[in-house]
Amino acid sequence: FEDPVGGFQNLRAAIKPGGRMAFACWRTLPENDWAFALMKAVLPAIGAPPPPPPPGTPGPFAFGDETYLAGILAQSGWSGIEMSKFDSEIALPGETLEDMVNFAREMGPIARVLSENPANESSIIEHLLSFFKAQMSPDRRVRLPSAIWLVKANNA
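When the letters of the sequence shown are read in order and numbered with this note's numbering, they come out as residues 50 to 205.
Worth double-checking, as some hints may not be accurate.
[Unchecked claim] No farther apart than 16 Å at their CA atoms in a straight line, the calculated lysine to aspartate or glutamate pairs in the EDC-like style are these:
#1 K182 x E144
#2 K201 x D148
#3 K182 x D148
#4 K134 x E80
[Unchecked claim] Simulated restraints, written as ranges between beta carbons of each label pair:
#5 I139 x P98: 17 to 27 Å
#6 D188 x K65: 41 to 51 Å
#7 G120 x K89: 24 to 34 Å
#8 S186 x G68: 41 to 51 Å
#9 Y117 x R190: 29 to 39 Å
#10 P167 x S128: 25 to 35 Å
#11 G55 x S137: 25 to 35 Å
#12 G96 x A160: 12 to 22 Å
#13 S128 x D188: 43 to 53 Å
#14 I64 x D188: 35 to 45 Å
#15 T116 x A86: 35 to 45 Å
#16 N166 x D114: 25 to 35 Å
It is worth saying that the hints were derived from the structure and are not from the lab.
Because the structure is a prediction, the values reported are computed rather than measured.
Quick reminder that beta carbons are idealized off the backbone N, C-alpha and C, glycines included.
All chains should be modelled from the sequences, with the hints used to inform the complete structure.
Next up, the structure:
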């Protein structure tokens, strides 16, 4: 959400009093190797990672900080807020190296890296391909750790 407090207030307005909300969201980028490992893999092509976005910036990891997310929900009028960690492994979409590169181009920090480093695109892609080749399992999938928050809250 551009305005997370307003967004969660709108969700609360759509739920009857006493109703509950549950959702999952990514935790921090370093906890999500499906995105973070890709960033580390392309560092030789870009020199240094881009600075993290300012807190509260919309994006896939915007709610990674537990205190920040709990504060937004409380400010939005939610009560009984419960957050639990869930760690798992996800398979990157696709069964070919090209599919995985296309996924990386569109989702997560690699999309940002590519947009900010157009002159290094071919080198970035080479590093991604090397990473995917090294991580590919016999079933032609790349599986990497993921970390989410499971969140529940009540419409007081």
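Hint-by-hint comparison with the structure:
A hinted pair counts as satisfied when its Cα atoms are at most 16 Å apart, and K182 with E144 qualifies at roughly 12 Å. Of the pairs offered as hints, the one joining K201 and D148 is violated, with about 34 Å between alpha carbons and a cut-off of 16 Å exceeded. At roughly 12 Å between alpha-carbon atoms, K182 and D148 fall within 16 Å of each other, so this suggested pair holds. Taking the CA atoms of K134 and E80, the gap is near 11 Å; set against the 16 Å cutoff, the hint holds.
Separated by about 21 Å at the C-beta atoms, I139 and P98 satisfy the suggested range of 17 to 27 Å. The hinted range of 41 to 51 Å is satisfied by D188 and K65, whose Cβ atoms lie roughly 45 Å apart. In this structure, G120 and K89 meet the distance hint of 24 to 34 Å, their C-beta atoms being roughly 30 Å apart. About 42 Å separates the C-beta atoms of S186 and G68, a value consistent with the hinted range of 41 to 51 Å.
Roughly 33 Å separates the CB atoms of Y117 and R190, a value that falls within the hinted 29 to 39 Å. About 47 Å separates the C-beta atoms of P167 and S128, a value inconsistent with the hinted range of 25 to 35 Å. Judged by the Cβ atoms, the range 25 to 35 Å given for G55 and S137 holds: they are separated by roughly 31 Å. For G96 paired with A160, a C-beta distance near 18 Å keeps the hint of 12 to 22 Å intact.
Separation of S128 from D188 is about 45 Å and conforms to the stated range, judged on CB atoms against 43 to 53 Å. Separated by about 41 Å at the C-beta atoms, I64 and D188 satisfy the suggested range of 35 to 45 Å. At about 26 Å, the beta-carbon gap between T116 and A86 misses the expected band of 35 to 45 Å. In this structure, N166 and D114 meet the distance hint of 25 to 35 Å, their C-beta atoms being roughly 27 Å apart.
Of the numbered hints given earlier, the model fails hints 2, 10 and 15; all others are met.
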